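Trainee: As given, the protein sequences belong to chains H and X, one line each in that order.
Under our numbering, think of the first position of the first sequence as 1, with each following residue one higher.
Under our numbering, think of the first position of the second sequence as 1001, with each following residue one higher.
Just so you know, the hints here were simulated from the structure itself, not pulled from any lab data.
Quick caveat: nothing in here was measured; it's all calculated off a predicted structure.
No residue lacks a Cβ here, since even glycine has one placed at the ideal position from N, Cα and C.
Hints are not guaranteed to be accurate.
Claimed, not checked - Under the rule of at most 35 Å between Cα atoms (straight-line distance), these lysine-lysine pairs were calculated in the DSBU-like manner:
hint, chain 1, residue 1, chain 2, residue 2
1, X, 1049, H, 120
2, X, 1049, X, 1003
3, X, 1049, H, 82
4, X, 1049, H, 119
5, H, 163, H, 251
To be verified - With the C-beta cut set under 8 Å, the calculated list includes, among others, these residues of chain H facing chain X:
hint, residue
6, 107
7, 110
8, 116
9, 138
10, 188
11, 274
Below, each chain spelled out in residue letters.
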Amino acid sequence: MVMLNRIGCRLNRILLMVPLILREEGASLEELCDALGAEREEVLADLDVLFLCGLPEYGPGDLIDRRIVNDRVYLSMADYFKRPLTITTDEALALIVAGEALVGAGFFEPGGPAGSALKKVREIVAGHSRGSIEEVAQHIDVELGSNPGRWWEVIEEGLERGKDLRLQYYSFSRGEVSSRDVEPLSLVSSYGHWYLLAWCRRAEGRRMFRLDRMMSVEIVDPPGDGRGDDGLEMPEVVAEMKPGRSAHSVKLRFSGKEGRRLLEEWPTAKFTDHDDGTVTITLRTRNLSWLSRYLIRFGDRLEIESPRELKRLVRDTASRLLEVYC
Amino acid sequence: MEKIERLINLTAYLLETARPVTFEQLQRTVYVDASGNEQALHRMFERDKDELREMDIEVRTETLEASGETGYTILRDEYYLPHLELSPAEKVALTMVSRLFLGSGTPFSGPAHSALLKFAFDEKGDVDVDPVPHVHWVGVPRDRRLLEVILDGLTERKDLKFSYRSLGSSEPVWREVSPYGLFNRRGSWYLVGLCHLRREIRSFKLDRVTSDIEVNRKKPHKPDFEVPDSFDLCSETRWEWPGEHSGETVTAQVRFEPRLAFGFSGGGARVEGSQRREDGSVDVTYVVGDPEEFVDWVLEFGAGARILAPSGLVDLITERIRGVLGDGDGNA
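The shape of chain X in the complex, shown without the other chains (with noise of 0.2 Å):
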């Protein structure tokens, strides 16, 4: 027998079960085919509800009264899913939430996919959902492999070992940080944990990670760590700007030409104020925390837009610049 087949097995016998069931007369049952001793069965049977387990099937135990043995059984008002008894307002919020994540390259759009089957399990077809406004998130199949592990360590409380590059350091370096928080700011995920190497909190970015994520497989289902309770994702998040963190920040200045000058936000900086000129063009002044990602954002108006000052980002815009031109025939 499969072990797909012994699981739904299992699970239907727990659940329809009017009593506990004790282990020897799962052994003539579910585990009628399956070889080994009696050990060797029980061992198979704990893993199986570890699986199960994981899955939120959840296998009680009970002493059996006449004859003192364990026994087993899934309750039913755990197993089933509730009637949820949604008012029609909450069922349009709740249909939006569903949709959000659905297709989105994220390890939440799977899950969000199947509770949205559930809900409409009790629909009677008096709310339409169909004019509910669509609001979608999307992502990078990249993302999805790191944000699994991540998902994983945060949970399980395990370790995590990544090579990462932090701005700044063109080498990347080993890593090995405690989970405590993942976030998205402007449309990057950042991981956020005690770093074993800094010995500090640190936010990493998932676009600076250059390996894949590890998760401490030793002592599988003991936590490595626990979560501070002084820790606070919000104190860690509240930055209106990326940058390692640290909290520096410097002041720019970029010309917008005249058919710019209507977007000017972005670039993960902050805009302080801005300036329109005679000729139409527009002079913004921005708070930078992360010189790369504004010098990106920058580049992508062309020559439409230049930064003024100071002179630190000037370099490094020029620098990517001459890099581009200095590849292949060195007429640079």
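Pulled out of the complex, with its shape left as it was, chain H reads as follows (with noise of 0.2 Å):
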């Protein structure tokens, strides 16, 4: 994989916006942002580009046309861009990676569909690839979780048949276990744990619970209502949930940048390195209890600047604790 530079991402997306623009029924400038996962003002600097290009000798007849009509998108002269450019050595490796994952943690027979799959993706991509993607592929293997839990049976069921399921959670940040009706979304991975997505009935939103702490899981089956199933956004509901306006701002300053860490936990973070090799972390977040435990880890290469709320909760976990060892 090489990284490709700003030209070459670039002439990547033009590559891939023609065609979309060329299929039967066109594109909006809407669709085309999402496809993409552009900018529409990125779309449209794109679409001058193209209204540029062409076919020696670059007369009028030569060159492609565009013309935006109610935010629809309409490209004549550009029938030798209308199917897309190969699956290419990135896209293949990003493949392979995923199907192995997906094979090693159990969803995949290592001959079943996805495999014969990935099998003519390989084929394609033998022809022209750089360098020997096999290789590469063969040395990078990624575990998607270590623990699946108990319930990974039943919770795949619900999840299959669209079924609601019914959870004896521990949460961790209130230290308590509940019972809720939840309909799964999806299975997330995140730092080797396997999460469900889903949404929560009693909360009436998305919520992720850590399977291994279930308690119990069964499949209840009230009606499979409308719920967010809309476009799942993965990155934002990993982080410690949505803080809201009751959140806590905290300030941290770690001796090095191990804080870092940190983000794992709370990807919205910001951090700060300074000249004498500190680094300032700030956060926001409802639940100062679990920070306080949280970051007990990082021991004397932390200091809390703010609030001082957690200040003192640290300093209760930590001397509890060391009571319980002394």
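Two chains, two separate frames, one set of hints: put the complex together.
Mentor: Right, dumping it as structure tokens:
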């Protein structure tokens, strides 16, 4: 995989954009932005570039024509780009690594449909890939989660059949077990743990539940009605959930870069490197009690600047812990 | 003319042409606005070809029969996405596979996304992929940059340089490594390769890399090393627990209070056995490879979990706790 530079990324996007527009049904600007993960301005700028391109002799009849009517995009004179570029080395590598990971996690049999589909992908790429993609792929190994817990099968069944699940769930942040009815949406692998992303009927929102903190799971049979499966946006939901207005602003100072590990739990945390090598981290959270337990691992490498309440909580937690050991 | 326009025009021309195009023809067309003498233009053309090759667009060279000149072309069979002719089961599988890394914060997410768009191209709505179970991988932004550089080093076979704090040492040391492989265990990424300092194959946990990773920029396009045939990633990763790969482990005992008695596997350690006590609490025996990771994990349970043995781990955990108390007001 070569990190494509800015031009490479842009050319890639343009060569994928043209076939999307040249499909029978055409494309709206909004669809293009969604599909390409690009801003409206970027798409418009790309279309402007296409407008200047074409074939020799670059006369009016040779150049690509672009029209935008009511936010719908039309192209003509670009039929040579009508079919997309073949599967690239980067794409094949990403698919092969993902496929092996899913086989390793038991989603597919090694000789099953994933294997045969990826074989077709491999055959396509074998002809043109730079370097030996097989060799590189062989040397990359991703383990999705080491502890699927005891409830894997019933969760998968709920996901596949679209059934609600009733969880007895231990919440680390509250330190208590509660019962929740949820509509399962997705399995998420993060930092070596499996989570169930689900629509929680009690909280009326999406929540993440760690599989190894489930004490029991059963299928329940209420209506599988409307919920939040429109566009699953993963990264945000793993964070310690959305902080909201009642959240505390936290400012921490670390003696070195180890503080960046906080990003694992709070991807939205902001950090600043200082000249003396220390790192300041700011984040927002509703749950100081869990944060206080989490922070003890940093020992004397951590200084809590604010809030005071957190400082007090950490000291209390640490003192209680020390009593356990002394 | 902007470079992006030039690359699009070059691709279009070489893809559309019925017979290979000579450099002289390119000079009169794609490069007509470019300034410089013939040599400079030729160098520009070579750089453009490299640029296209990095995107998997290969410009082929042929000797023209009539004139004996060199001609250039992009083969349509190579450029265009072939029809994959996937069975419904394969489509479902490939959908799941391409979704795994979407929005994951790894360098795989962008390519997985464009692959998914390409597969959707021949869809005629015959397979409904909506009910296909979603499985997603989520990482952190910090990983992304390091992973991109490592992947670069892996494919181009270039040496990497970074500062690394190994387990049990307080000071980071600069390392030069020939990257052989990359793996993820329990959510942590590891680079495995030949360490020039230790002269042996080692695994490096990305969490312990304390600097950016630099790729050797000398002699681009020329590999710095070959991965020896004897290298086998599986044998490097076949340990059940992390640790500096030395095979040294410790056995630890932890007592969980009754309300936590269900969830005691984790912390990168293997559960060797467990015993429920009369009061409902559970004593669990672990084989631990990475004491730091293990201690961090036990700390998450707060006062609900207590390390009973060995004394080394108890020392490590109390050192952390005292460290926190020692900060600031000095009344440790």
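Trainee: Under the constraints set out in the numbered hints, which ones does this structure not fulfil?
Mentor: 5, 7, 11
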